[in-house]
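Protein chains: 2
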Amino acid sequence: MMEPQENTNDDTAPSPAPPPLPRERIPVQKGSVCSRSYFMVVMVFFHVYVLNVIALLLYVHYNSGSEEGRSSRDFSSRSSGHKVAEPLDTQPPDPGFTRKMHLPRLEGIRVGHVQKVSLVPGKVHEMKTLSLKPLLFEIPHFLSDEECAVVMRLAQLKGLMESQVMVPEGQEELNQQLNLSPEEIFHLLDLNQDGQLQQHEILTHSRVRDGIWLTPENLREIYAGLNADQDGNGLLSLEEFGQLSSDAFQRFLFQRGVKRSQLVRNSRHTWLYQGQGAHQVLRELRNRVMRLTRLPPSLVELSEPLQVVRYEQGGHYHAHHDSGPVYPETTCTHTLLAANTTSPFQTSCRYITVLFYLNNVEEGGETTFPVADNRTYEEVSLIQNDVDLLDTRRHCDKGNLRVKPTRGTAVFWYNYLSDGRGWVGEQDEYSLHGGCVVTRGIKWVANNWINVDPDYHRQARYQQLVSQPEETQDPQTDTNPEQYTDTHQDL
Amino acid sequence: MMEPQENTNDDTAPSPAPPPLPRERIPVQKGSVCSRSYFMVVMVFFHVYVLNVIALLLYVHYNSGSEEGRSSRDFSSRSSGHKVAEPLDTQPPDPGFTRKMHLPRLEGIRVGHVQKVSLVPGKVHEMKTLSLKPLLFEIPHFLSDEECAVVMRLAQLKGLMESQVMVPEGQEELNQQLNLSPEEIFHLLDLNQDGQLQQHEILTHSRVRDGIWLTPENLREIYAGLNADQDGNGLLSLEEFGQLSSDAFQRFLFQRGVKRSQLVRNSRHTWLYQGQGAHQVLRELRNRVMRLTRLPPSLVELSEPLQVVRYEQGGHYHAHHDSGPVYPETTCTHTLLAANTTSPFQTSCRYITVLFYLNNVEEGGETTFPVADNRTYEEVSLIQNDVDLLDTRRHCDKGNLRVKPTRGTAVFWYNYLSDGRGWVGEQDEYSLHGGCVVTRGIKWVANNWINVDPDYHRQARYQQLVSQPEETQDPQTDTNPEQYTDTHQDL
Numbered sequence: 017m018m019e020p021q022e023n024t025n026d027d028t029a030p031s032p033a034p035p036p037l038p039r040e041r042i043p044v045q046k047g048s049v050c051s052r053s054y055f056m057v058v059m060v061f062f063h064v065y066v067l068n069v070i071a072l073l074l075y076v077h078y079n080s081g082s083e084e085g086r087s088s089r090d091f092s093s094r095s096s097g098h099k100v101a102e103p104l105d106t107q108p109p110d111p112g113f114t115r116k117m118h119l120p121r122l123e124g125i126r127v128g129h130v131q132k133v134s135l136v137p138g139k140v141h142e143m144k145t146l147s148l149k150p151l152l153f154e155i156p157h158f159l160s161d162e163e164c165a166v167v168m169r170l171a172q173l174k175g176l177m178e179s180q181v182m183v184p185e186g187q188e189e190l191n192q193q194l195n196l197s198p199e200e201i202f203h204l205l206d207l208n209q210d211g212q213l214q215q216h217e218i219l220t221h222s223r224v225r226d227g228i229w230l231t232p233e234n235l236r237e238i239y240a241g242l243n244a245d246q247d248g249n250g251l252l253s254l255e256e257f258g259q260l261s262s263d264a265f266q267r268f269l270f271q272r273g274v275k276r277s278q279l280v281r282n283s284r285h286t287w288l289y290q291g292q293g294a295h296q297v298l299r300e301l302r303n304r305v306m307r308l309t310r311l312p313p314s315l316v317e318l319s320e321p322l323q324v325v326r327y328e329q330g331g332h333y334h335a336h337h338d339s340g341p342v343y344p345e346t347t348c349t350h351t352l353l354a355a356n357t358t359s360p361f362q363t364s365c366r367y368i369t370v371l372f373y374l375n376n377v378e379e380g381g382e383t384t385f386p387v388a389d390n391r392t393y394e395e396v397s398l399i400q401n402d403v404d405l406l407d408t409r410r411h412c413d414k415g416n417l418r419v420k421p422t423r424g425t426a427v428f429w430y431n432y433l434s435d436g437r438g439w440v441g442e443q444d445e446y447s448l449h450g451g452c453v454v455t456r457g458i459k460w461v462a463n464n465w466i467n468v469d470p471d472y473h474r475q476a477r478y479q480q481l482v483s484q485p486e487e488t489q490d491p492q493t494d495t496n497p498e499q500y501t502d503t504h505q506d507l
Numbered sequence: 017m018m019e020p021q022e023n024t025n026d027d028t029a030p031s032p033a034p035p036p037l038p039r040e041r042i043p044v045q046k047g048s049v050c051s052r053s054y055f056m057v058v059m060v061f062f063h064v065y066v067l068n069v070i071a072l073l074l075y076v077h078y079n080s081g082s083e084e085g086r087s088s089r090d091f092s093s094r095s096s097g098h099k100v101a102e103p104l105d106t107q108p109p110d111p112g113f114t115r116k117m118h119l120p121r122l123e124g125i126r127v128g129h130v131q132k133v134s135l136v137p138g139k140v141h142e143m144k145t146l147s148l149k150p151l152l153f154e155i156p157h158f159l160s161d162e163e164c165a166v167v168m169r170l171a172q173l174k175g176l177m178e179s180q181v182m183v184p185e186g187q188e189e190l191n192q193q194l195n196l197s198p199e200e201i202f203h204l205l206d207l208n209q210d211g212q213l214q215q216h217e218i219l220t221h222s223r224v225r226d227g228i229w230l231t232p233e234n235l236r237e238i239y240a241g242l243n244a245d246q247d248g249n250g251l252l253s254l255e256e257f258g259q260l261s262s263d264a265f266q267r268f269l270f271q272r273g274v275k276r277s278q279l280v281r282n283s284r285h286t287w288l289y290q291g292q293g294a295h296q297v298l299r300e301l302r303n304r305v306m307r308l309t310r311l312p313p314s315l316v317e318l319s320e321p322l323q324v325v326r327y328e329q330g331g332h333y334h335a336h337h338d339s340g341p342v343y344p345e346t347t348c349t350h351t352l353l354a355a356n357t358t359s360p361f362q363t364s365c366r367y368i369t370v371l372f373y374l375n376n377v378e379e380g381g382e383t384t385f386p387v388a389d390n391r392t393y394e395e396v397s398l399i400q401n402d403v404d405l406l407d408t409r410r411h412c413d414k415g416n417l418r419v420k421p422t423r424g425t426a427v428f429w430y431n432y433l434s435d436g437r438g439w440v441g442e443q444d445e446y447s448l449h450g451g452c453v454v455t456r457g458i459k460w461v462a463n464n465w466i467n468v469d470p471d472y473h474r475q476a477r478y479q480q481l482v483s484q485p486e487e488t489q490d491p492q493t494d495t496n497p498e499q500y501t502d503t504h505q506d507l
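Listed in order, the protein sequences are those of chains C and Y. Following my numbering, the numbering of the first sequence begins with 17 at its first residue and continues without gaps. Following my numbering, the numbering of the second sequence begins with 17 at its first residue and continues without gaps.
A portion of the hints provided could be inaccurate.
No copy labels: a pair is met if it fits in one copy or bridges any two.
[As the list claims (entries may be wrong)] Below, simulated DMTMM-like cross-link-like pairs (lysine to aspartate or glutamate); rule was C-alpha separation at most 20 Å, straight line:
#1 Lys132 <-> Glu442
#2 Lys132 <-> Asp435
#3 Lys144 <-> Glu154
#4 Lys275 <-> Asp402
#5 Lys144 <-> Asp210
#6 Lys116 <-> Asp247
#7 Lys139 <-> Glu199
#8 Lys144 <-> Asp435
#9 Lys174 <-> Glu200
#10 Lys174 <-> Glu442
#11 Lys144 <-> Asp402
#12 Lys144 <-> Glu442
#13 Lys116 <-> Glu378
By construction, these hints were calculated from the structure, which means they are not laboratory data.
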């Protein structure tokens, strides 16, 4: 239709390109004003505008590039975390180290320190430091009584199964698979390499291997029944050990019968999914855990479901680590698909344990941290002849720290140290803990574990792998925190 | 001159205000094109441009507003410090709390952890965690042998004075000033309020009050000499105490003579200024401390000068805290001018101690941390009848941690905890330390203390107060890190 008119006018006087001055002052010739000069003004404005927008966008990009996107689902989320500021010309010692995600770690300050945390809109919780080794906190009233009741009901509806079966399977095959001579087994068991098997060397082994919790008394009974300790010095020499068959202890115990109280773990449990479509209380619980731990939502969402555990009277869980040590060959159960390798060392890589007490226990059932804030951690000194600190049926009172179960209270701790660069480092051995025997009543707890691969790149690969299909899922996602908060208030 | 032409054209056809469409499609009448329509286009572009610039500037401002300006001399410097990222809708629990400066705190991770630090251009130092309570690090080769020699020579040139004089002054006046009855004094000394004065109650008091380090044997000697403990049970009752004059112990010791080895501190020291005009080695030392601690330069520059200490053979420093506990009334020596109040509780507010070993000691002279990483800190259990953990002449071997002096090595620790919000919190009682007796040779050390007022606003006022005159000083300031680094390389 209408065309611009720049070419319809005579272009007689060459006018120099004017600076972008205010329009009123442009020295234009009256005759050619309309087409040429106005066009130039428009063009100058247009170009200045475009250039300024580009410059500002670049400025925005480079200024916020290192801080944007704190809480996003994807792995590119960053948070300044607990990394200290780089001052002056101090460069990070490892310049090749560039990670997009840093895991914040709460500050314990000192035992007994109380800090306020915001977990539920309009409410402030108090979080108390119980120990620094492990970094352990207690938050009373984390769950309301109604929420505790809902979780227990949901677990009962789903049905609970034995946490540990009486007779472990697959042990015989492993023995055959490894194909070790009695002499080789002897040297593996002989931790201090003194040529004799002390009681605690046998005890440690049987607990790990068979899941049967032998006490020194049990062991003496077995020695007597099998006539194993022929010189009666309480130790097994290589000669004495060689005369036993590889499953002699197990067969002896079988014949005599193994009670549930003789297992490492004596409880029933189930798993409750917390993602889309799950009960509102379970999803809210996960959101609260996100706010508490301040970890990226993507990490929390991809972690194990909620484990609900019921201990009957007499139930217990001897002291253990929720997740194992990290060696170069270790792989995590949750990132195994992305690992591209198979490894005989596999662990659950539970960076954080959040433990919820769902009811008040009449008597017993404390959570014990036998070596919390100990000056040193020595595995061999845990089991002594008179006191076995791992035994939560007998020696809970000898440990350093015990938490009494109180309905609605949450405790949480880090099973791994920081690596000093904002990621998961070594296992924190001090995180050793157990459930003391329930002497009266029933005990209900739930566990939320947050799984993080200590290998940053493997975690990144894993999250990329699993996050892509999820994009195309049901748009009724519950990851919008605002929507979530509103729903919670309606509850 | 030239006037805009909007009124020179006939405005016959009223054209409706067009939407800001691409220029070619504006439906203008050919006759009035030049003036009116072009003007509108220009105006639309201009307004869009201005609005966009404003919007982008606002965006930039609110995005980078919380992270800019990390290391500046003034108190407005920010650093993300060790503050954890605020996730999702979790607000800081105390919204009224706004501070401009955060103090970064290094991560200890675990005892034995080694991290690399960059302190000198082109060189990497290793920093090893020695304990977490207190947060304590060791950095070998922090100083070169030549630098150690320079510091010792400078101290000798300036001249050293006794760290503690034999007879403390001003005690008598204080006693009179307070005007306490013997009964009142008795109850102050009776820490456990059992109506009797135990040995350790007397010992603790005499060390703090007189600076004389009594041992249980000394005390028995004094009791016998003064016939103080008439019933011979090793305790002083109120009756027995009332029969002694207020300075009876002191006068008894005077008559018998006090040896230097009986003082809390047996050494000589001097102070070396590290600011403008100071020896290059001393200034470089301060810069290295800045890089090590990552604290704002302004804090480090306004701290105490370097203290150089010489222990002769037989010299010692019994276990003590470098800085006292923080009560609401406590004021810091360094911010006293800005405090506007006088307070009987005054301490040096030494947030960090950096201790340099300037020579190798032939035997003894270790730095002891008797309760490092202890599970608990109980003041009363430090002095027992058989072992006094504070006594560095007798019981250095009983403490938890000892650092052997090695020329050029630095150790540093925090005397205060974090407050959890990026500032100085409570005293870390575990920072208790002392210098073990030098059994052979001479020991040279130097101390750098970094003074920070636990009251943030008092520190801020103080820095504003003292930083203003400094601006007008000699422009040859040595705070430019680049210039500094160059000079160092020329050294």
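Please sort Lys174 with Glu442 into within, between, both or neither, judging by C-alpha distance up to 20 Å.
neither (36 Å within a copy, 49 Å between copies)
Homomeric proximity label, Lys116 with Glu378: Cα distance no greater than 20 Å:
Cα proximity of Lys116 and Glu378: none, with 48 Å in one copy and 50 Å across.
Intra- versus inter-copy proximity for Glu199 and Lys139 (alpha-carbon distance at most 20 Å)
neither (63 Å within a copy, 51 Å between copies)
Have a look at Lys275 and Asp402 and pick one of within, between, both or neither, based on CA distance no larger than 20 Å.
Intra 23 Å, inter 49 Å, cutoff 20 Å: neither.
Up to 20 Å CA-CA - Glu154 versus Lys144, copy category
Result: close within a single copy only, 5 Å intra versus 31 Å inter.
At most 20 Å between C-alpha atoms: does Lys144 with Asp435 qualify within a copy, between copies, both, or neither?
between (24 Å within a copy, 14 Å between copies)
My question is about Lys116 and Asp247: at a cut-off of 20 Å on alpha-carbon distance, are they close within one copy, between copies, both, or neither?
neither (62 Å within a copy, 74 Å between copies)
Pop the pair Lys144 and Glu442 into one bin, within, between, both or neither, using alpha-carbon distances up to 20 Å.
between (24 Å within a copy, 16 Å between copies)
Please sort Lys144 with Asp210 into within, between, both or neither, judging by C-alpha distance up to 20 Å.
Classified as neither: same-chain Cα gap 45 Å, cross-chain 33 Å, threshold 20 Å.
Check Lys132 against Glu442 for me: Cα-Cα at most 20 Å, and say if that holds within a copy, between copies, both or neither.
Classified as between; 17 Å across copies, 28 Å inside a copy.
Intra/inter-copy verdict for Lys144 and Asp402 if alpha-carbon distance must be at most 20 Å:
neither (33 Å within a copy, 36 Å between copies)
If the cutoff is 20 Å on CA atoms, where do Lys132 and Asp435 land: within, between, both or neither? Let me know, please.
between (26 Å within a copy, 13 Å between copies)
Checked against the numbered hints given earlier, the structure breaks hints 4, 5, 6, 7, 9, 10, 11, 13 and satisfies all the rest.
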